[in-house]
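Protein chains in written order, with this note's numbering: chain A, 1 to 111; chain B, 1 to 113.
Calculated from the structure, these hints are not laboratory results. Fair warning: this is a prediction, and the values are worked out from it, not measured in the lab. Be aware that a few hints might be false.
Sample of chain A residues facing chain B (criterion: CB under 8 Å; computed from the structure) [to be verified]: (1) Y39; (2) T51; (3) F101.
Yeah, the Cβ is synthetic: ideal placement off N, Cα and C, and Gly gets one too.
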Amino acid sequence: GDSVTQMEGPVTLSEEAFLTINCTYTATGYPSLFWYVQYPGEGLQLLLKATKADDKGSNKGFEATYRKETTSFHLEKGSVQVSDSAVYFCALTNTGNQFYFGTGTSLTVIP
Amino acid sequence: EAQVTQNPRYLITVTGKKLTVTCSQNMNHEYMSWYRQDPGLGLRQIYYSMNVEVTDKGDVPEGYKVSRKEKRNFPLILESPSPNQTSLYFCASTLAGNYNEQFFGPGTRLTVL
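Looking at chain B on its own, in the form it has when it is part of the complex (with noise of 0.2 Å):
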């Protein structure tokens, strides 16, 4: 079955302790991105990856870090999480080019406290 998965699913931690949020695709897309999704302020991309070890900034890269070393994978990394960055976040992936329809995971609940 072609998915995106994430996990964990729901993440409780504390403020300064390092976490990753895995992703990863099967369906050999090129295109992977991070969004995060809080209320009032709908999706916003953090991250994006148009190939392997190709990165760049969204709108709201601050305190997050990707990368890029297999095509299937695109963890999500927080070195030093704060709660402003409780949230829900998603990773999707797409074939590049053509604005092409993007497949999303289930997504990760995170909350930093």
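Excised from the complex, chain A in its bound form (with noise of 0.2 Å):
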């Protein structure tokens, strides 16, 4: 069936340097790929996403691109923040009703 592989966590980071969690897939056909964020002690909010292939979905300066060929949904951004620390969540959907997420990658950055 459908799932999400992601980077196992605690990531903990200083201010201002460069962010990668990492994140894979095994689905059936064309997937839609998402990355959620949950601040702590609140619900998850879509950071990015990215409907087909090559796609590239961005947000607050977070990037992910679609690799089918990896099937790969890497999180990335240049310069991280201590409002960053959070937990960021993986996810994919074949049909729009049912959903996968990954475990969840914690961050801490650090000043």
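Two independent chains are provided; combine them into the complex using the hints.
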């Protein structure tokens, strides 16, 4: 069945460091891919998405490119801030009704 | 303000005592869904609903029931809760089709003793 595998955390970075969180997926067909972010004590919020191969999703300085050849959707940011500290989830859907999430990667950015 | 609300936010109960967690959205979304979040397992989908009176199982439906009698509400029912249902629960909603952004509620932390 469909699934998402995410890089295990926790990840700790200094402010202004480069961030990569790896995400690979297993799915039939051409799923849509998402990154969600969860701040402490809150629900998840959509960070970015891509709905077809080679699409790049971007938001708030974060980017991820849908790579069908490597079945990946890695999240990157060039310069992280303390306010980026959160848990990040990679997710996919093939049907628009069933969604599959990764295990989440906790990011802490220290000043 | 567009939002998804859940009640209660925190609940401690005992094995076998029926409970309902309510979920309501004010965005006229057709699609609603319930997830549970557990350490090391991420979010797993319990049930979803594509519209009123249309519900279907997600990945982990055992021990849960749902109903969708009105478009705005999607309650999660635990008829006989067990300790392995201790978890953080999230409700989400979105417009149907085209894989739109899901809007999540703030979560309900449930402890079953």
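### Task
Against chain B, run the beta carbon of T51/A and see if the smallest gap drops under 8 Å.
Nearest chain B Cβ about 6 Å off; hint holds.
### Query
Minimum Cβ distance from Y39/A to chain B below 8 Å?
violated (11 Å)
### Message
The hint names F101/A as touching chain B; please verify it with the least Cβ-Cβ distance against 8 Å.
### Response
Given a least distance of 4 Å, the restraint on F101/A holds.
Of the numbered hints given earlier, the model fails hint 1 alone.
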